[in-house]
Structure formats: structure tokens, C-alpha cells
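K.L.:
Residues in the sequence shown are numbered consecutively from 0, following numbering that gives the first Met the number 0.
Among the hints, erroneous ones may be present.
Each computed DSBU-like pair below joins lysine-lysine, with the alpha-carbon atoms no more than 30 Å apart [as the list claims (entries may be wrong)]: (1) Lys446 - Lys43; (2) Lys344 - Lys327; (3) Lys139 - Lys43; (4) Lys75 - Lys61; (5) Lys275 - Lys250; (6) Lys232 - Lys286; (7) Lys139 - Lys344; (8) Lys399 - Lys344; (9) Lys59 - Lys344; (10) Lys51 - Lys106; (11) Lys396 - Lys406; (12) Lys275 - Lys286; (13) Lys344 - Lys276; (14) Lys347 - Lys75; (15) Lys395 - Lys454; (16) Lys286 - Lys75; (17) Lys276 - Lys43; (18) Lys399 - Lys75; (19) Lys359 - Lys396; (20) Lys347 - Lys61; (21) Lys327 - Lys314; (22) Lys406 - Lys327; (23) Lys359 - Lys399; (24) Lys221 - Lys102; (25) Lys359 - Lys276; (26) Lys396 - Lys314; (27) Lys399 - Lys70; (28) Lys399 - Lys347.
Hint data in this document are derived by calculation from the structure and do not stem from the laboratory.
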Amino acid sequence: MSTLESLRKRSGLLVAIVGLALLAFVLTGLFENGGSMFGGGGEKSVGEIAGKSIDVDVFKRKVDEAVETQKRNNQKASLSPEETDGIVQQVWNQMINEQVMVKEYEKLGISISDEELYDMMVTHPHPALVRNLSDPQTGKISPMFADPATGELSAAKIREFTQSMTDEQEAQWAQLEEYVRQVRVIEKYNNLIKKGLYVTTSAAKREYLAQNTATTIKYVVKNYKLVADSTIKPTNDELNAYYTAHQNEFKQEATRSIDYLTWDIAPSAEDIEESKKAMELIAADFKTSKSFADDSTFIIAESETRNFDQTFHTKGTMSPLIDTTMMKAEVGTVYGPYEENGSLKISKLLASKQSADSAKVRHLLVGYAGSGAGQTITRNKDQAKVTADSLLSVLKKGGKFTDLVEKFSDDGGKKMPPNKKEGEYYMGKGGDYGWLNANSGFVEPFKNAGLDGKKGDLV
0 MSTLESLRKR
10 SGLLVAIVGL
20 ALLAFVLTGL
30 FENGGSMFGG
40 GGEKSVGEIA
50 GKSIDVDVFK
60 RKVDEAVETQ
70 KRNNQKASLS
80 PEETDGIVQQ
90 VWNQMINEQV
100 MVKEYEKLGI
110 SISDEELYDM
120 MVTHPHPALV
130 RNLSDPQTGK
140 ISPMFADPAT
150 GELSAAKIRE
160 FTQSMTDEQE
170 AQWAQLEEYV
180 RQVRVIEKYN
190 NLIKKGLYVT
200 TSAAKREYLA
210 QNTATTIKYV
220 VKNYKLVADS
230 TIKPTNDELN
240 AYYTAHQNEF
250 KQEATRSIDY
260 LTWDIAPSAE
270 DIEESKKAME
280 LIAADFKTSK
290 SFADDSTFII
300 AESETRNFDQ
310 TFHTKGTMSP
320 LIDTTMMKAE
330 VGTVYGPYEE
340 NGSLKISKLL
350 ASKQSADSAK
360 VRHLLVGYAG
370 SGAGQTITRN
380 KDQAKVTADS
390 LLSVLKKGGK
400 FTDLVEKFSD
410 DGGKKMPPNK
420 KEGEYYMGKG
430 GDYGWLNANS
440 GFVEPFKNAG
450 LDGKKGDLV
């Protein structure tokens with residue numbers, strides 16, 4: 000009975016959950032196969048949250064951005080339908096949080112200060128940050144952020160990374176900061192609710208006794224079925240009295256029976272052919288742009304995703320549909336339109352370079368105040384550059400690299416871990432970080448210096 004009463008009290012919540020599940024199903028249909036569909040027009044609202052209509056273009060843009068982020072983070076050319084479905088639902092839930100829960104957080108005064116965010120991102124990394132900086136397969140921290148001695152997340156490594164980020168890395172780090180901020184706000188909100196659910200000692204004692212007190216009783220039962228209905232003759236007054244006393248006990252809420260149809264939203268053959276013709280015109284225009292600036296402007300103007308990828312790719316890291324072609328093509332080659340995951344795409348080879356697939360490197364780190372290399376460093380950035388230039392000059396004149404690392408490098412990795420003995424190799428010894436490749440977890444300038452250089456180069 001108590002369960003039924005609980006369901007009655009929460010019927011509105013159940014309806015909301017069912018409604019949300021149905022809407023998520025509809026949204027998944029709209030954005031299946033990579034989050035894109037052909038055609039347009041028609042209804043511009045994908046749904047309503049807290050009385051506010053959600054524009055389908057706004058929602059689609061958020062889904063596309065989330066899909067691109069997921070592909071970039073997982074180094075995938077495309078996502079499976081299941082992964083895309085999950086992203087659609089995540090984006091919808093995020094918009095619910097923005098439209099509904101954020102207002103509640105503001106009313107309650109729940110917020111995250113810049114100092115608290117810095118503490119969660121650097122000083123005392125939040126578990127959500129640790130998960131994002133770990134390999135999902137092994138659970139180990141990325142070498143870029145790991146303490147070489149312990150393998151744990153290193154605050155110094157994080158500070159070093161944030162001081163030398165590229166524009167793309169800054170954008171990704173900002174997304175990660177926003178994610179950690181949201182997770183922490185939700186934790187605070189849940190903790191408020193948890194602390195508000197207080198049970199007094201007397202109430203707990205009463206509940207305990209009710210659950211654990213046993214009583215021996217004797218009783219007599221006579222089943223109603225053993226009494227013939229014909230022997231019972233209720234009067235009209237008795238019937239009216241019973242009806243009056245119990246008339247509201249069996250009241251039913253109004254219900255509706257609904258029939259509905261579902262169908263796949265997919266382009267027709269004519270739609271695809273028409274889109275291909277339009278894309279062929281775009282491809283022809285794309286061939287005429289002669290510089291990175293022209294290419295980026297063209298992509299922003301014509302592409303739905305507005306994703307201008309300037310990353311150099313090695314063989315096997317691009318979509319199988321273009322990997323072989325682009326590895327053999329000349330700079331400026333435009334390929335497409337071609338169909339992939341329900342989208343029509345055009346690809347252009349912007350630049351080409353010869354790089355080693357791996358390189359063995361050593362480095363000498365000259366830190367400066369605020370760079371994350373060490374709290375005791377007082378020199379500024381300009382002074383650090385002067386020192387680095389001087390050390391480079393000494394090395395070019397024949398100075399011994401390991402000696403200079405030992406004396407001048409601010410890299411904590413040069414110190415011998417406790418589990419190593421004198422003479423044993425460890426990563427960072429004498430500035431030696433062993434072999435790296437394009438997928439190693441080092442900052443791009445460091446990797447590029449190793450892979451693009453020649454043996455013996457000092458950069």
C-alpha cells in the first residue's frame with residue numbers, strides 16, 4: 000500500500016520521465032547516423048523545456064560539436080550509431096540542466112569560484128578531471144600529466160601544460176573546466192539534499208522497534224467466501240452510509256488511450272542526388288582557395304560543423320574513405336563529395352611534410368615563475384629565455400647535455416625515483432625521455448621538434 004501511495008504522489012515525476020524517454024527516442028531518430036540529415040524546413044522546434052521552445056538548429060549544433068569533441072578525444076574518424084545516440088541524450092540532458100537546474104542552483108546560491116575551480120583543476124585534481132586525463136583502456140594517467148616517479152596525476156605537469164597550450168588545447172581545456180565546474184555544482188546540490196534528509200534519534204528508534212519487535216498473538220479467521228451472499232440483506236440506509244463514507248477512495252484520474260505512428264527520417268534518393276550536386280559546386284569553389292586563411296574562411300562559411308582541422312595525420316589515422324587517397328595526393332587536392340555516416344563530405348589536402356614516425360629525445364627545461372615548473376623559481380619568462388639561449392649556445396659548442404641537465408634543468412623528472420638504484424635507467428634521467436611518436440602524450444611543440452628534426456639537432 001505504501002508503494003502505491005508513493006507512486007500516486009510521484010505520478011507527475013513518472014510522467015516526466017516517460018516523456019523525457021520518449022523525447023530522447025525522437026531526438027535520436029532525428030540525429031542518427033552522425034548527427035546530420037538532409038533536407039530542411041518544417042518544424043523548427045525540437046522540444047520544450049520549462050516552457051521554452053528549443054530551436055532544432057541550436058540543438059543540432061550542440062550535438063555536432065559534442066560529436067566532433069568525442070571523435071577528437073577518442074582519435075576516431077567516426078562514431079558508431081550507439082555512441083551518437085548517447086551523445087544526443089547527453090546534450091538534451093545538459094540543456095535541461097541549463098534551463099531548469101541552473102536556475103535552482105542560482106536561487107540556492109550554489110556556485111564555483113575561480114579559486115575553487117583552480118584548486119580542482121590543478122592543486123587537488125577533481126575525480127572528474129582524473130578520469131578525463133586517464134587512458135580509458137588502462138585507467139593510467141596520460142604520460143603528459145603523470146608524475147614519472149609515481150604515475151599519479153602531477154599538479155606540476157598540469158601547470159606546465161596550461162602555460163604552453165595551443166589555441167585548440169585552450170579550447171579543449173576550457174570545455175574540461177566547464178565540465179568539472181558542472182560536476183562540482185551538482186555534487187554541492189546533492190549534498191544539500193543529503194544533509195536536509197535528517198532523521199531524529201527518536202524517529203530512528205521508533206523505526207527500528209517497528210522493524211524488529213516481534214509479538215505472539217492468537218486470532219480467529221472466518222473467510223468471507225464461506226458466507227453466502229443470499230444471507231446478507233443490507234438496507235438502503237446501510238448502502239448509502241457506506242457509499243458516503245468511502246466514495247472518494249476509488250476515484251480514478253482521467254486517462255487517455257493514444258495511437259501514434261513512427262517512421263525513419265531519412266533522405267530519399269532524390270534528396271541525396273540534389274545534395275551531391277550542391278556539394279559538387281562547393282567542391283569546385285573549394286579548389287580555388289590558395290591559403291590557410293582562405294580555406295578556414297571557406298569552411299566556416301560552407302560547413303555545418305565548421306571544423307577546420309590543421310592537424311597533420313599519419314597513414315591509418317584518417318577516415319578509410321580518404322586515407323589512401325590523401326597519403327598519395329598533392330597539396331591542394333580536393334576529394335569528394337563522398338558519403339560517410341549519413342553525411343556528404345569534402346576533404347582537401349592543405350599541407351604535407353615528411354616526419355619520422357618516432358624519435359628518441361632529451362630535453363632541458365628552463366622554467367619561470369608561474370609556469371608550473373616549480374614554486375621556488377623566481378625568474379620571469381624573458382630571463383628564462385636568456386638562460387635557455389645561453390645553454391643552447393654551450394651545447395652547440397660541445398657542452399655535455401647530461402651535465403647541463405643535472406645543473407640547470409628545472410624538470411622534476413630528472414630526479415631518480417625511490418624504487419631505482421644508481422646506474423639504472425628511468426624516464427627523465429639526464430633529460431632522456433626515450434622514444435616518442437605522434438600519439439605520445441607530450442605537448443605538440445615538443446613532439447614536433449623531435450619528429451621533424453634530424454639526428455643530433457638542437458632545438
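K.L.:
So, against the hints stated earlier in the document, which numbers end up violated here?
P.N.:
1, 3, 5, 6, 7, 8, 18, 22, 24, 25, 26, 27, 28
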